[in-house]
Amino acid sequence: MIYILSSFMEERNTLGIITYPAWIASVIKTKYNIPVKLCSAGNFLNVFQETKTEKNLVHFRTYNAKDVQKYSNIENNGAILVNTSEYIHITNNKLYAQKVAIAGGIKTALNYDKIFLNDGNPTSNRYRIEEIMQQLDTDDIVIKPNYSSGNGSNVWRLKKKELDDFDFNRLTYVDQWTIQKTLKYSRIIRCIVHGGKVVAEAVTWDAPLPGGWKCTVCINPHVKHEKNVDPELIKFVENIAKVTGAGKIGICYIDVYETDDGYVYGESNCSCTLEQHEKVTGTPIHELTADYLVSLYK
Numbered sequence: 188m189i190y191i192l193s194s195f196m197e198e199r200n201t202l203g204i205i206t207y208p209a210w211i212a213s214v215i216k217t218k219y220n221i222p223v224k225l226c227s228a229g230n231f232l233n234v235f236q237e238t239k240t241e242k243n244l245v246h247f248r249t250y251n252a253k254d255v256q257k258y259s260n261i262e263n264n265g266a267i268l269v270n271t272s273e274y275i276h277i278t279n280n281k282l283y284a285q286k287v288a289i290a291g292g293i294k295t296a297l298n299y300d301k302i303f304l305n306d307g308n309p310t311s312n313r314y315r316i317e318e319i320m321q322q323l324d325t326d327d328i329v330i331k332p333n334y335s336s337g338n339g340s341n342v343w344r345l346k347k348k349e350l351d352d353f354d355f356n357r358l359t360y361v362d363q364w365t366i367q368k369t370l371k372y373s374r375i376i377r378c379i380v381h382g383g384k385v386v387a388e389a390v391t392w393d394a395p396l397p398g399g400w401k402c403t404v405c406i407n408p409h410v411k412h413e414k415n416v417d418p419e420l421i422k423f424v425e426n427i428a429k430v431t432g433a434g435k436i437g438i439c440y441i442d443v444y445e446t447d448d449g450y451v452y453g454e455s456n457c458s459c460t461l462e463q464h465e466k467v468t469g470t471p472i473h474e475l476t477a478d479y480l481v482s483l484y485k
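Everything in the sequence shown is counted per this note's numbering, starting at 188 for the first residue and increasing by one.
Treat the hints with caution; some may be incorrect.
[As the list claims (entries may be wrong)] In silico DSS-like pairs for lysine-lysine, Cα to Cα no more than 25 Å straight-line: (1) 411 - 401; (2) 384 - 294; (3) 371 - 348; (4) 286 - 301; (5) 485 - 384; (6) 347 - 301; (7) 414 - 466.
[As the list claims (entries may be wrong)] Per label pair, the in silico range of CB-to-CB distance: (8) 482 - 322: 44 to 54 Å; (9) 363 - 265: 32 to 42 Å; (10) 224 - 403: 49 to 59 Å; (11) 242 - 401: 44 to 54 Å; (12) 262 - 310: 41 to 51 Å; (13) 403 - 286: 39 to 49 Å; (14) 401 - 469: 20 to 30 Å; (15) 326 - 363: 18 to 28 Å; (16) 343 - 419: 30 to 40 Å; (17) 290 - 384: 44 to 54 Å.
Calculated directly from the structure, the hints in this document are not laboratory data. Quick caveat: nothing in here was measured; it's all calculated off a predicted structure. Here a beta-carbon is modelled for each residue, glycine too, at the ideal position from N, C-alpha and C.
When you get a sec, could you build the whole thing from the sequences and use the hints?
So, in structure tokens, the structure goes:
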């Protein structure tokens with residue numbers, strides 16, 4: 188059996204929503220005639236953590252830090268995990284991912300080395316952030332949720348001269364934040380990676396609007412197709428996959444900034460929906476994902 192796990196899967200199926208994981212599952216069923224089941228990670232872990240699962244492949248697209256031991260139990264019982272609990276942790280914990288990348292010699296933005304914990308006091312948060320600016324030797328930072336939230340809507344650029352005008356009540360919406368020195372970049376590029384190899388025909392990108400600073404390659408109707416992929420970009424991204432733990436068995440979406448000084452690692456994801464990427468690139472990514480999962484299963 189191949190299991191594909193995502194957040195709230197049963198609830199979405201009940202509502203009749205055809206999810207992106209369901210696209211993948213459909214290919215596995217129809218093309219390969221292999222049994223496949225869609226379910227939420229939480230329900231799967233509760234049922235199967237102590238079960239002998241050596242004939243199963245489990246594609247995790249979601250993560251809960253409290254379930255690490257359950258993931259380990261499944262892996263120790265012989266199942267193939269795509270992705271491992273450690274790698275999904277990296278795709279969710281943004282500061283941890285940056286530290287792993289830096290330890291592996293990968294270029295990243297300059298990060299404050301601790302998670303910024305919102306203390307619920309806007310005035311206190313304001314002065315603590317000013318101190319962090321001083322430590323990073325910058326007057327210009329980006330602050331974003333350490334665990335993804337709001338598809339980028341909760342990411343803020345903050346300049347020192349704007350501290351007194353910024354509404355620090357915004358930070359009360361999230362408990363843990365990552366703070367980085369603002370990076371000057373021309374584009375953000377997303378690479379789909381299967382088993383440590385970039386799917387070159389499915390690379391997409393976006394750029395900030397004139398005078399702007401933020402853009403996204405996630406759920407974005409304006410994302411563009413990168414038709415002539417730089418070999419250096421492929422090399423850079425595949426090294427990120429290797430260093431962060433998705434170099435042999437893994438499915439991930441790695442986002443990279445293009446700057447005047449070369450490529451800079453942004454973050455890794457594994458649970459995004461890719462319908463827009465397929466539409467723009469003309470590449471059936473869900474079919475390639477199904478093919479990759481089946482190759483591991485066989």
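Numbers of unmet hints, in rising order: Numbers 10, 13, 17 - these are the hints that the structure violates, sorted from lowest upward.
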